[in-house]
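Visitor: The residues making up each chain are set out below.
There are 2 protein chains.
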Amino acid sequence: MSDPTLQVIGLPQLPEIHPGDDLIGAIGDSIAASGQGVREDDILIVTQKVVSKAEGRLVDLRTIEPSAFARDFAEQWGKDPRQVEVVLCESKRIVRMDRGVLITETRHGFVCANAGVDASNVGPESVCLLPVDPDGSAHAIRRGIGDRFGVKPGVIISDSFGRPWRVGIVNVAIGVAGLAPLADYRGQYDDAGYELHVTVIAVADELACAAELVANKLDKRPVTLIRGYRSPVEMPAGSGQDLVIDPARDMFR
Amino acid sequence: MSDPTLQVIGLPQLPEIHPGDDLIGAIGDSIAASGQGVREDDILIVTQKVVSKAEGRLVDLRTIEPSAFARDFAEQWGKDPRQVEVVLCESKRIVRMDRGVLITETRHGFVCANAGVDASNVGPESVCLLPVDPDGSAHAIRRGIGDRFGVKPGVIISDSFGRPWRVGIVNVAIGVAGLAPLADYRGQYDDAGYELHVTVIAVADELACAAELVANKLDKRPVTLIRGYRSPVEMPAGSGQDLVIDPARDMFR
Chain A
1 MSDPTLQVIG LPQLPEIHPG DDLIGAIGDS IAASGQGVRE DDILIVTQKV
51 VSKAEGRLVD LRTIEPSAFA RDFAEQWGKD PRQVEVVLCE SKRIVRMDRG
101 VLITETRHGF VCANAGVDAS NVGPESVCLL PVDPDGSAHA IRRGIGDRFG
151 VKPGVIISDS FGRPWRVGIV NVAIGVAGLA PLADYRGQYD DAGYELHVTV
201 IAVADELACA AELVANKLDK RPVTLIRGYR SPVEMPAGSG QDLVIDPARD
251 MFR
Chain B
1 MSDPTLQVIG LPQLPEIHPG DDLIGAIGDS IAASGQGVRE DDILIVTQKV
51 VSKAEGRLVD LRTIEPSAFA RDFAEQWGKD PRQVEVVLCE SKRIVRMDRG
101 VLITETRHGF VCANAGVDAS NVGPESVCLL PVDPDGSAHA IRRGIGDRFG
151 VKPGVIISDS FGRPWRVGIV NVAIGVAGLA PLADYRGQYD DAGYELHVTV
201 IAVADELACA AELVANKLDK RPVTLIRGYR SPVEMPAGSG QDLVIDPARD
251 MFR
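Here the protein sequences line up with chains A and B, keeping their order.
The numbering of the first sequence is our numbering, which starts it at 1 and goes up by one.
The numbering of the second sequence is our numbering, which starts it at 1 and goes up by one.
Heads up, some of the hints might be wrong.
One copy or two, either will do: identical chains are not told apart, so a pair holds if it fits within one copy or between any two.
To be verified - In silico DMTMM-like links for lysine to aspartate or glutamate, alpha-carbon gap of 25 Å or less:
no.	residue 1	residue 2
1	K79	D246
2	K92	D250
3	K220	E234
4	K79	D3
5	K79	E125
6	K79	E16
7	K92	D133
8	K92	E40
9	K220	D3
10	K220	E65
Note that these hints are calculated values from the structure, not bench results.
All figures in this text were calculated on a predicted structure; none of them were measured in a lab.
Start from the sequences, fold in the hints, and give me the full structure.
Guide: Put into structure tokens, the structure is as follows:
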């Protein structure tokens, strides 16, 4: 059977991760427990939440003094003013601020609700921030897995973002190591000789989406292994920043 | 091994599909040739292009008389004015019209570049439109496969859309039959007792993304079978329209 087949495997549960814990060790243990091993062309997708927790990206809301601006918005929409303050601190630009929704651009350039600041799965009076350098986090995991298993898979750090015009959130890649985040078909031709000139596919985002399908949010499976993916076009490895649109080309600022 | 695992299988190539061809028969033949069979909880993802072709949604550009509005925009940006005219005819609202890019809302409510009108893989002097009723197309495939194999899988009609702020296109679900397009975690609680109140996941879009990863655009594999997906929450089957945001909640009109 030579039909192209991808396996998307939710790796065994990780223990609860706390600031300073050895996340890479825990991921390695999960790979070992799965019996799947790891291959050079595998891709590990790790959810942002465990990465942020291990990196200590938690904020105790009791230490936050909200600004008047944060208090006004929070009061109008029934939000926690301290959490709004944290969102503003994590943002470099407000894209939309309406109906209680705060969509901002993070320092990384990601545009998402609440600058990626999230209160779920981190305990009371705490919120979780995005990793400072998700590409760096991805590279560290790739190196660590390489040291333990002798092969270096691709690594994606994923988060779930909403998007305009469509209901629901979907996974995206915020950090990338060891794989090409885009498949660029420009310059390739279809059967009719028509050049596929606008076809650049965000495969890292699609890989992150595939991983979400096995990573039940009520389960503790923050690591997914994708086996069998082959890029349809030759591309050099890149970074999560390759997926951030150039402000000069952004029609939705 | 009880780790949740998804298989994403690019089914064998289909013959070139022309208007009026028996697409459901061709999909059935592809399933048969794959040796995979089909199960009640499988999901078939079929790309919009073959559906549109089978349904005769092709336009001969030589029959199109562009309006002055279409001619002006086309001339300014080096586009084919007849193709611009077709895009305008397929749109009910222009969302952005800038730098040669035309982002519009289709009659279905989808917001995408060029109203989904596409010139690739359809031969010269032709463009391909989205299906009139992608949910109806999905239901027809589901019924047809059910008649032949005795089981009715879920069916998604997929297309690739760009999105604001991020580089590249990703697959989305434009038609859905026999599965829940959303996984709604609202009212569920995390380990810390925090209600996951904003977590609605667009799983149909994520399934479409997973399919894209095996459907190389230069190959003729428009049908992907996903096996092993289980919705994390009990949801009734829905439609592609469930993924279209209510205009009253759209912050990016």
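Visitor: Compare the structure with each hint and give your call.
Guide: Now the hints, each set against the structure:
With identical chains, the CA atoms of K79 and D246 are at most 25 Å apart between copies only, with a shortest distance of 23 Å across copies and 32 Å within one. In the homo-oligomer, the alpha carbons of K92 and D250 lie at most 25 Å apart both inside one protomer (16 Å) and across protomers (23 Å), since each shortest distance falls under that limit. For the homomeric pair K220 and E234, the shortest alpha-carbon distance between copies (19 Å) is at most 25 Å, but the shortest distance inside one copy (35 Å) is not. For a Cα distance limit of 25 Å, the shortest separation of K79 from D3 qualifies neither inside one copy, at 51 Å, nor across copies, at 38 Å.
In the homo-oligomer, the alpha carbons of K79 and E125 lie at most 25 Å apart inside one protomer (13 Å), although the nearest pairing across protomers, at 55 Å, exceeds that limit. For the homomeric pair K79 and E16, neither the shortest alpha-carbon distance inside one copy (28 Å) nor that between copies (55 Å) is at most 25 Å. For the identical chains of this complex, K92 and D133 are intra-copy neighbours only, at 15 Å inside a copy versus 42 Å across copies, given an alpha-carbon limit of 25 Å. For the homomeric pair K92 and E40, neither the shortest alpha-carbon distance inside one copy (37 Å) nor that between copies (48 Å) is at most 25 Å.
When the C-alpha separation of K220 and D3 is checked against a cutoff of 25 Å, the pair qualifies only between copies, where the shortest distance is 12 Å, while the shortest distance within a copy is 32 Å. Within a single copy, K220 and E65 get their C-alpha atoms no closer than 33 Å, and across copies no closer than 58 Å, so neither meets the 25 Å cut-off.
Hint compliance for this structure: hints 4, 6, 8, 10 are broken, all remaining hints hold.
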